[in-house]
Every structure is written in structure tokens, then in C-alpha cells.
Amino acid sequence: MTIAIEILNLEKRYGALQALAGVSLAVAEGEFFGLLGPNGAGKTTLISIVAGLARASAGEVRVMGADVVADYRRARRMLGVVPQELVFDPFFSVRETLHIQSGYFGLRRNGAWIDEIMHHLDLTSKADANMRTLSGGMKRRVLVAQALVHRPPVIMLDEPTAGVDVGLRQGLWQFIRRLNRDGHTIVLTTHYLEEAEELCDRIAMLKAGRIVALDSTRNLLETFSGLVLKLRTDRDVLPDGLQAEMLPAENGRFVLRLRDYDALEQVLHRVRESGAAIKELELEPPDLEDVFLRVMGKH
Amino acid sequence: MGGFPTLLYKELLRFWKVSFQTVAAPVMMALLYLVVFAYALGDRASAFPGLSYAQFLVPGLVMMSVLQNAFANSSSSLIQSKITGNLVFMLLPPISYVEFFGAYVLASMVRGLVVGTGVLAVTVWFVDLRISAPLWVFAFALLGSAILGALGLIAGIWADKFDQIAAFQNFVILPLTFLSGVFYSIQSLPAVWQTASHLNPFFYMIDGFRYGFFGASDTSPVASLSVVAVSFALLAAVCLRMLRSGYKLRQ
Numbered sequence: 001m002t003i004a005i006e007i008l009n010l011e012k013r014y015g016a017l018q019a020l021a022g023v024s025l026a027v028a029e030g031e032f033f034g035l036l037g038p039n040g041a042g043k044t045t046l047i048s049i050v051a052g053l054a055r056a057s058a059g060e061v062r063v064m065g066a067d068v069v070a071d072y073r074r075a076r077r078m079l080g081v082v083p084q085e086l087v088f089d090p091f092f093s094v095r096e097t098l099h100i101q102s103g104y105f106g107l108r109r110n111g112a113w114i115d116e117i118m119h120h121l122d123l124t125s126k127a128d129a130n131m132r133t134l135s136g137g138m139k140r141r142v143l144v145a146q147a148l149v150h151r152p153p154v155i156m157l158d159e160p161t162a163g164v165d166v167g168l169r170q171g172l173w174q175f176i177r178r179l180n181r182d183g184h185t186i187v188l189t190t191h192y193l194e195e196a197e198e199l200c201d202r203i204a205m206l207k208a209g210r211i212v213a214l215d216s217t218r219n220l221l222e223t224f225s226g227l228v229l230k231l232r233t234d235r236d237v238l239p240d241g242l243q244a245e246m247l248p249a250e251n252g253r254f255v256l257r258l259r260d261y262d263a264l265e266q267v268l269h270r271v272r273e274s275g276a277a278i279k280e281l282e283l284e285p286p287d288l289e290d291v292f293l294r295v296m297g298k299h
Numbered sequence: 001m002g003g004f005p006t007l008l009y010k011e012l013l014r015f016w017k018v019s020f021q022t023v024a025a026p027v028m029m030a031l032l033y034l035v036v037f038a039y040a041l042g043d044r045a046s047a048f049p050g051l052s053y054a055q056f057l058v059p060g061l062v063m064m065s066v067l068q069n070a071f072a073n074s075s076s077s078l079i080q081s082k083i084t085g086n087l088v089f090m091l092l093p094p095i096s097y098v099e100f101f102g103a104y105v106l107a108s109m110v111r112g113l114v115v116g117t118g119v120l121a122v123t124v125w126f127v128d129l130r131i132s133a134p135l136w137v138f139a140f141a142l143l144g145s146a147i148l149g150a151l152g153l154i155a156g157i158w159a160d161k162f163d164q165i166a167a168f169q170n171f172v173i174l175p176l177t178f179l180s181g182v183f184y185s186i187q188s189l190p191a192v193w194q195t196a197s198h199l200n201p202f203f204y205m206i207d208g209f210r211y212g213f214f215g216a217s218d219t220s221p222v223a224s225l226s227v228v229a230v231s232f233a234l235l236a237a238v239c240l241r242m243l244r245s246g247y248k249l250r251q
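Residue numbers (this note's numbering), protein chains in the order written: chain A, 1 to 299; chain B, 1 to 251.
Hints are computed from structural coordinates only; laboratory data are not their basis. Only a predicted model underlies this, so the values are computations on that prediction, with no experimental measurement involved. All residues carry an ideal CB built from backbone N, CA and C; glycine is no exception. One or more hints might be untrue.
Label-pair ranges, simulated between beta-carbon atoms [to be verified]:
| id | chain 1 | residue 1 | chain 2 | residue 2 | range |
| --- | --- | --- | --- | --- | --- |
| 1 | B | A223 | A | N9 | 55 to 61 Å |
| 2 | A | E116 | B | S245 | 19 to 25 Å |
| 3 | A | Y14 | B | K17 | 32 to 38 Å |
| 4 | B | F20 | A | D128 | 17 to 23 Å |
Straight-line distance between alpha carbons at most 20 Å, and here's what the computed EDC-like set of lysine to aspartate or glutamate pairs gives [claimed, not checked]:
| id | chain 1 | residue 1 | chain 2 | residue 2 |
| --- | --- | --- | --- | --- |
| 5 | B | K248 | B | D160 |
| 6 | B | K82 | A | E85 |
| 7 | B | K161 | A | E85 |
Using the sequences plus the hints, can you model the full thing?
See the structure below:
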């Protein structure tokens, strides 16, 4: 297995604030990797250090084997970054912006590839428009295009769909998914957990500068989540001894978290045994939001 | 070849796209200075025998424009990129700190020299001028614009907002240029102010530049060139050190 991004004991302090407190992580080549965590967990700091925008207080980071400090030229050529903020240079058109970005990587005859990226991101009709005149969604696409001008094998996207409308979000994900299928390694931070759940092979959850969960998306869903049962009976209380965790009631329904289907069996059995009749029943499959809340609550 | 040529091109394109503001306006300003000062103070004795006040004034105005615009270019470009956040596009690629320094300073020099040439081209219609030693003119224009380009870069790195750049410009650059002998020869000053003027590095830039026109100056051009060269070396060293450490650019 080739490692696309390798992070070893990474620490970052801003004065008294410990933004990253010893993070170790390896992202395999070709992976679609999700980085989740609440605001201030250290996601952007982590991405910034990998990208060379910030310097680590301790630890090592390599991109495709190249150290981001000692061998920064090779490391940065391997990496495309889509920043979180919607930034642009108001002096230039879309095409100029992309040609300039390409030139920064030493690629000065890159017109064919730039045309191709613009085509895939639906930017061709805006190629000669000034950046100032574009909508937020268009500016976001230009940011993605800028990250791709030098054909990096590894692409990091810091909350790329924040504030982006649904249509564009879908289009953007289709495009990123295709890049992944073509062999690009994708690292993504997002607040939309359903997106991470749908797209990512593996997920790291960060809290207060530490990794609190790191596993395949499937394992995380199985290990942490279980099932949520919403139940109404003709009684005001449920019998004792249920293999379930009671959550706050919702619209007069009992809400229980179950580990698995065996637990569901046991709960239904106990309810029937107590003589209560079930009036309404709803079973929800595990979702990442549930995992997220539980992992964050635990740590 | 890395990102240097493109970064230089981007910096040149940036000011050229707004050339009314970055080139035409400062040329106009210099012309106004010439008209107002030369007419208002026209009968004032020139510092050098055989020269009118307007003749004396023009090289100073040209050099002042070169210096102020070189500073304005790097400082405003960098602070804009920092504040709008598009600096990230230059920090992500494999551009070394030396390339970064070179591109910003060189673009500032070009802007300074373009404006200086513009001022000269406009003022020669009004004032009879000859250049007696063009190499001196060239040497001081190049080094002076490089110094101010580097100083602008330092200011841009250090500042967190436009206000701080404006303060730097109005409370450091402007007084130093105005008090450097652009509008007068320091020989007309009281002794104490003459001494003070010799502590102002801008004085040597203006004085040496003027020597290239008239073959006469307040201080020897070799001494001026030495001061100017050492000033550039010092500022370049400071600026490169800041860039290398990532001070205020890479957290």
C-alpha cells in the first residue's frame, strides 16, 4: 500500500492554545478520506500544515513520501488544496487565474488541461469573465479548478460545500468522485455528515486537536451507532430490564438506542410480555451523525 | 524553472491593469508639483550655478515618483492579498522565499521605473534637461526602486490592515522623501538640518540620481552609491529573513 499522506505525532501550538495535540494518521493512495470534527477541532490546522500554510510545532508530515518542510517543492507539487474561504484575485479573469496558478507550479504551456478542467466544472462560458463578477458557487468551482491545474495525485478539500446550493453540491461531488475513481487520493473535511457517510471510505474524527475515532466508515457505523427505535405503546412507561439506552422522548414516543437486532428482539419481547400493545414503531438505521455525536460525547 | 516568472508576470499584470491609478496618476501628480513649485518658487535661486529651479527640481520629482511607486506596488499588492486571502494561491505552490522576494521587488522596480520614465517624458516638455552621466542615473534609479520595493514588501508582511500601510507610507516614506532634498538643496538648510539630512538614506538616492543629470551634487556620488547599496543589502537581508521564517505569512 502506498501512503499518500503520512502524519506522525503532529503538534501545533498557538501560544497557550494546543490546536493539534499529537495526531498520527496515514491516508492510503486512492482513498476517499474524511476528516470530521466540531469547529475548532483542528481540521483546518491539520490541512494547513500538510499544505505548508502553517508550520508544525512538532511532528512530521509527508505527501507521497515527500517531507512537507525538507522537500516542500515535491510535496507541494503532489498536493492540490481547495481552501475553505471563498478567496479570489479580483484583478483577473477565470482563465488568467488558472494560467497564473499553473505557472506558479512551473507549468507554462498548460492550456489544453486548463480548458478541460473548465469544461468539466462548467466554467467554459465564464472563462473570460472577471472573478469579481462570478457567483459564490462559480467562485467555488474556480477554487477547485485552481487546485487541479498541476494534476496533483492528492487533493484536499476544506469544507468545499459550505454555503453551496444543493445542485452545485451534487455536481461538485460527482466531479470529485470521478477524480477519486481516476486514482486521485481525496481528503475532505465537511460539516455535512451525510456527505461524508456517502463519499468517504474511511473517517477520522478530531476533537480538541486529537483523533478520537479513526476507522472505515462502515466499521464506525457498526461500532458506534446501533439502531434507534421509536416506539409508542398504550402505556405510559416501558417495562424494566430492556437491553437499550433510553433517549429523550419525542412526540410522545419512547426513543431507544439499541446495539443490534438481537437487542430489538429482546425489547419487543419484553414489551409484549408486559401486556402492552404496540401502537406505532419506527426503526432508524445507523447514521454518521449519530456516530459523530456519540464519539464527541464520549471524549 | 519554478514559479518565479509567473509570479513576476502576475505582479506586473496587476498594476498594469489599473495603470490609470498606478502610472498615470503619479505622473500627473509630479507634473502638478512641477507647475506649482516651479512657478511659485521659480525666482528662487537654484542650488547649482547655471541651473533654473525647475531644472533642479525635475530629477528630484522623477526619483521621488520612482521611490514612492516602488513602495506602493509591493506593499499594496501584498496587503491586498493578505486581507482578501488570495495570498494562499502563492503560498500553496512550490515557490521559494527567494523567488517570492525577487518577483515582488522586481515588479516594484518596474513600476517605479515606468512611472519615473513617465514623469521624465512629461516634464521634459516644460523644462530643458540633459543627462550628463546616464549610468549614474540608471544605477540610482535601479537601486532606489529596489530599496523601496523591499521596504514595501517588509511593510506588507508586517501590516495586518491597510491602515498600517497608510501609516507607514504617510509617516515614514513621505517625510523621508520630502525631507531628502527633492525640492531644495540641503546646502540651503541650517547646519543642524544638514546633518540630519545626512542620516536620511533617501537623501543619498535623490542626490546621487541628480548627480547623473548635472554632474554636480551635495555629496560625492560614490559615497551616495555606497550608502544606497548598503541600505539595499540590509533591507534585502531583513526581508529575506522574514520570508524564510514565514513571519506573518505562514502561521
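Each hint tested on the structure:
| no. | hint | in the structure |
| --- | --- | --- |
| 1 | B:A223 - A:N9: 55 to 61 Å | 56 Å, holds |
| 2 | A:E116 - B:S245: 19 to 25 Å | 39 Å, violated |
| 3 | A:Y14 - B:K17: 32 to 38 Å | 37 Å, holds |
| 4 | B:F20 - A:D128: 17 to 23 Å | 22 Å, holds |
| 5 | B:K248 - B:D160 | 9 Å, holds |
| 6 | B:K82 - A:E85 | 13 Å, holds |
| 7 | B:K161 - A:E85 | 18 Å, holds |
When held up to the earlier numbered hints, the structure conflicts with hint 2 and nothing else.
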